[in-house]
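**Student:** Knowing the structure of chain A, use the given hints to seat chain B on it.
Here the protein sequences line up with chains A and B, keeping their order.
Under our numbering, the first residue of the first sequence is numbered 1, with each subsequent residue one higher.
Under our numbering, the first residue of the second sequence is numbered 112, with each subsequent residue one higher.
No lab work stands behind these hints: they were computed from the structure.
Keep in mind that a hint or two might mislead.
[Unchecked claim] Covered, in the sense of this in silico footprint (three residues per stretch, anywhere, with C-beta under 8 Å from a C-beta of chain A), are these stretches of chain B:
| # | stretch |
| --- | --- |
| 1 | 127-141 |
| 2 | 181-191 |
| 3 | 430-439 |
[Unchecked claim] Here are some of the chain B residues that sit facing chain A, going by a computed Cβ distance under 8 Å:
| # | residue |
| --- | --- |
| 4 | D146 |
| 5 | A147 |
| 6 | Q174 |
| 7 | V175 |
| 8 | E178 |
[As the list claims (entries may be wrong)] List of simulated lysine-lysine pairs, DSSO-like, C-alpha gap at most 30 Å:
| # | chain 1 | residue 1 | chain 2 | residue 2 |
| --- | --- | --- | --- | --- |
| 9 | A | K89 | A | K53 |
| 10 | A | K67 | B | K114 |
| 11 | B | K114 | A | K72 |
| 12 | B | K346 | B | K262 |
| 13 | A | K67 | A | K80 |
| 14 | A | K89 | A | K21 |
| 15 | A | K21 | A | K81 |
| 16 | A | K89 | A | K67 |
| 17 | B | K206 | B | K194 |
| 18 | A | K53 | B | K114 |
| 19 | B | K364 | B | K346 |
| 20 | B | K194 | A | K53 |
Glycine included, every Cβ here is placed at the ideal spot set by N, Cα and C.
What follows is the residue order along each chain.
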Amino acid sequence: MDTELLKGTLALLILSLLSRKSMYGYEIAATVHRDTDGAFTWREGSLYPSLHKMEADGLIVGAWEEKETGRKRRYYRMTKKGRAALEEKVQSWAELCHAVNRILEQSDGQA
Amino acid sequence: MDKLEHYLDQVCRSIGGPRSLRQHIRQELREHLRDAVAEHRAAGLSEEEALARALADFGGPDQVRSELEATHGYRMMALVIDKAMQWKEKTMRAKWLWTMWAHLALAVVIAVEVLFIWFFKVFFVPRYERIMRDGLLDLDNNEAALSWVPKTLHVLDWVASHVHWLVVALVVAWGLFEWRVRSDNKSFMRLSALGTGALGLLVMLVLTAWALVVPFMVGVPGMEARMPERTVLDKEARIDTAVTALEEATANKDWEAIQEHASQAARAMDSLANMGAAAPTLTSMREQPKVDELRSQLKAARNWLWEAQKASWAKDGERLETAMEKFRQSYGPVRAAARK
Chain A
1 MDTELLKGTL ALLILSLLSR KSMYGYEIAA TVHRDTDGAF TWREGSLYPS
51 LHKMEADGLI VGAWEEKETG RKRRYYRMTK KGRAALEEKV QSWAELCHAV
101 NRILEQSDGQ A
Chain B
112 MDKLEHYLDQ VCRSIGGPRS LRQHIRQELR EHLRDAVAEH RAAGLSEEEA
162 LARALADFGG PDQVRSELEA THGYRMMALV IDKAMQWKEK TMRAKWLWTM
212 WAHLALAVVI AVEVLFIWFF KVFFVPRYER IMRDGLLDLD NNEAALSWVP
262 KTLHVLDWVA SHVHWLVVAL VVAWGLFEWR VRSDNKSFMR LSALGTGALG
312 LLVMLVLTAW ALVVPFMVGV PGMEARMPER TVLDKEARID TAVTALEEAT
362 ANKDWEAIQE HASQAARAMD SLANMGAAAP TLTSMREQPK VDELRSQLKA
412 ARNWLWEAQK ASWAKDGERL ETAMEKFRQS YGPVRAAARK
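If we strip away everything but chain A, and leave its shape as in the complex, we get (with noise of 0.2 Å):
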């Protein structure tokens, strides 16, 4: 998939994942790949400068938390900010995916 478009739906996908439970890097990196069946090929690095900026504008915080393994983990949850912005952005996406396809389904049939 064209990561020009998945640039612009970052935010939104970080977003939308956290609202189901809070995640760390790799985990949210993880789960894209997964569930898109790999379908967005990004690079990973690009996930932190968004999380930081996320973080700094409030809609998200992060905490470091210690696993039983030893090792140390950054994880982020969604904020009552965030989860407006979510709303916000799903909704703008709804509309866009709405105008976007009324004018894929009027040219069908004209390429």
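**Tutor:** Positioned in the frame of chain A, the structure of chain B alone reads:
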């Protein structure tokens, strides 16, 4: 995992904000990559392959760093160091730059050395030769030790008089070298030749300067102590010798000898006429006994002041008073002559 830490260095070192933030980001990225490596290992890859795959999936360090810098800002110092390192890498590889710089620096050194030697030859050596010819420096006891001085100046004179042939020889040798020599080390050979030339000129420059300075260091103290009568008599003897020879040559109508002795006589006369102390010395020589007496009184006054100095060191008041009294007696006639 050195490769992993090196990668994290590249990504995190220039991220702005406090050190703790960089450490947190580094830790977070490290955990991600370790998870990715573990997953690839579980899929059957070797440790090295798994790490390479994880780093490739994560993205190039420059890209990840620039995205993190866009979020957190960047550290100016790290940026400057990175730029400096990049510049160093580029310039270290620029062999032509260093070679050109070395050639240029050596050429400038050689030019400055030649300029200095030329300056010595044109401005200082003639004056030095005139001073030596006039016998102004008293080198009586040191002439053997300073025998290298005229030889050095003679070499300089020879080089100066053959400089056009030397330049031609150098140009021909250089041309042959550039034309015939084919070697990877050609620029080093050229640099070696220039360096050797610069070293040789430096030795010549130091020897020339030394040859001009040392006789003065040796001769000036003796020049002050020398009695002016002796200088005047020496000059007068040189004039007499030259004039006698001139007269003999004139009688023989030997024009070559006439020219040589006329020149010698003129130089000797010029030397005596330019000597400021010549006239007073000649006047005082009419009353030589008085001059000798004054000299002995000067020496006595000097000796009594030395004695006064020793008495002051010994803190002996009586000895000091006696010495000062004797000094006044000796120095009185000198002071009276000076006031007259």
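**Student:** Hints first: check each against the structure and report whether it holds.
**Tutor:** Cross-check of the supplied hints:
Only residues whose C-beta sits within less than 8 Å of a C-beta in chain A count toward coverage, and the stretch 127-141 of chain B has 5 of them, enough to reach three; the restraint holds. Interface restraint, the stretch 181-191 of chain B with chain A: holds (3 residues with C-beta to C-beta distance below 8 Å; minimum three). Note: the stretch 430-439 of chain B has 0 residues with beta-carbon separation from chain A under 8 Å; the three-residue rule is not met and the coverage is violated. For the restraint placing B:D146 at the interface with chain A, the shortest Cβ-Cβ distance is roughly 4 Å, inside the 8 Å limit, so the hint holds.
For B:A147, the shortest C-beta to C-beta distance to chain A is roughly 7 Å, which falls under 8 Å, so the interface hint holds. With 8 Å as the threshold, the beta carbon of B:Q174 comes within range of chain A, its nearest partner Cβ sitting at about 7 Å, so the hint holds. At its closest, the beta carbon of B:V175 sits 4 Å from a beta carbon of chain A; the interface hint therefore holds under the 8 Å criterion. About 4 Å separates the beta-carbon of B:E178 from the nearest beta-carbon of chain A, less than 8 Å, and the hint is met.
For the suggested pair A:K89 and A:K53, the alpha carbons sit about 16 Å apart, so the restraint of at most 30 Å is met. Distance hint between A:K67 and B:K114 is fulfilled; the C-alpha atoms sit about 25 Å from each other, no more than 30 Å. For the suggested pair B:K114 and A:K72, the alpha carbons sit about 21 Å apart, so the restraint of at most 30 Å is met. Our distance criterion of 30 Å between C-alpha atoms is met by B:K346 and B:K262, whose separation comes to about 25 Å.
Between A:K67 and A:K80, the direct Cα distance comes to roughly 27 Å. Compliance with the 30 Å bound is thereby established for this hinted pair. For the suggested pair A:K89 and A:K21, the alpha carbons sit about 18 Å apart, so the restraint of at most 30 Å is met. Distance check on the hinted pair: A:K21 and A:K81 sit about 16 Å apart at the alpha-carbon level, within 30 Å; holds. Restraint check for A:K89 and A:K67: the C-alpha separation of about 33 Å exceeds 30 Å, so the hint is violated.
For the suggested pair B:K206 and B:K194, the alpha carbons sit about 20 Å apart, so the restraint of at most 30 Å is met. With a C-alpha separation of about 28 Å, the suggested pair A:K53 and B:K114 falls inside the 30 Å cut-off, and the hint holds. A hinted pair counts as satisfied when its Cα atoms are at most 30 Å apart, and B:K364 with B:K346 qualifies at roughly 26 Å. Annotation: proposed proximity of B:K194 to A:K53 holds, straight-line Cα distance about 27 Å (limit 30 Å).
Violated hints for the displayed structure, listed by number in ascending order: 3, 16.
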